[in-house]
Amino acid sequence: ELKVEQNPLFLSMQEGKNYTIYCNYSTTSDRLYWYRQDPGKSLESLFVLLSNGAVKQEGRLMASLDTKARLSTLHITAAVHDLSATYFCAVDIDNDMRFGAGTRLTVKP
Amino acid sequence: DSGVTQTPKHLITATGQRVTLRCSPRSGDLSVYWYQQSLDQGLQFLIQYYNGEERAKGNILERFSAQQFPDLHSELNLSSLELGDSALYFCASSVLWDRDGYTFGSGTRLTVV
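Residue numbers (my numbering), protein chains in the order written: chain L, 17 to 125; chain A, 2 to 114.
Simulated from the structure, these hints should not be mistaken for lab results. Zero decoy hints are in this set.
Heads up, simulated DSS-like pairs for lysine-lysine below, C-alpha to C-alpha not over 27 angstroms straight-line: (1) L:57 <-> A:10; (2) L:57 <-> A:58; (3) L:72 <-> L:19.
Label-pair distances were calculated between CB atoms; the ranges are: (4) A:39 <-> L:66: 27 to 33 angstroms; (5) A:18 <-> L:54: 27 to 33 angstroms; (6) A:9 <-> L:34: 37 to 43 angstroms.
We put the beta carbon where it would ideally sit given N, CA and C, even for glycine.
One chain only, chain L, in its complex shape (with noise of 0.2 angstroms):
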C-alpha cells in the first residue's frame, strides 16, 4: 500500500530563516505534486514534479524530486508571514493521488 510520509508535521520559523520539509513515499512513482492549504481553504497546487531530478521555483519556494529515494523537498528560503499556512505532498500513482499528514507552517516575526 503506498504510504506518504511528511516531516515535520508542525513548523515553526522566524522570518528569514530557512528551512526544508520533507515529503517520503513507499512505492515507485515519478509524479509527486506539492499543495498549499490556508486554514478552512481549499487546497491550491504548487507544484507538479514529473521525473526523477525534476526541481522547480516559485517565489521563496524551491521543490525537488529524487524518485530513486522516493524523496521530495521543499525548501523554504528567507521565510516570511504570508507562508504560513499547512503544506501538502501527494504522490500519484495510476491517477490515485495519496496525501501526507501535511506539516503545518507558521512563520513569526
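Given the coordinates of chain L, assemble chain A onto it according to the supplied hints.
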C-alpha cells in the same frame, strides 16, 4: 475560482440524517475525486469517478455512496450520519492522465450535531 464548484459550502445536520453534497468539475475534466478532511484523519481519499464510472475506492464507509452523472457532475451521499462524520469534504477534478494534478473545489463543511 478554481472552476470546481461545490455546494453547499456549509451544512449542519443531526445524527442519523442523510445529506447530499454536490460537485461540478472544471470544464473538460472527466474525473472527479472525493476527499474527506478531518483534524484527526487528515486528507482521506474516498472515491473516484471517471466519465460516469467508478474507478477507484479509498476509505469510504458503507454508509457513504457517490455517483457521477452524464453531465459529469457528482454527488456524495452520506447517510446515518454520526458525530465523527463532521469534516470538510473536498471534490477535485482532473482530465484522466492529466499531469498537472487535481483542481480542488472550495469544500463543503459538514457539521453533525
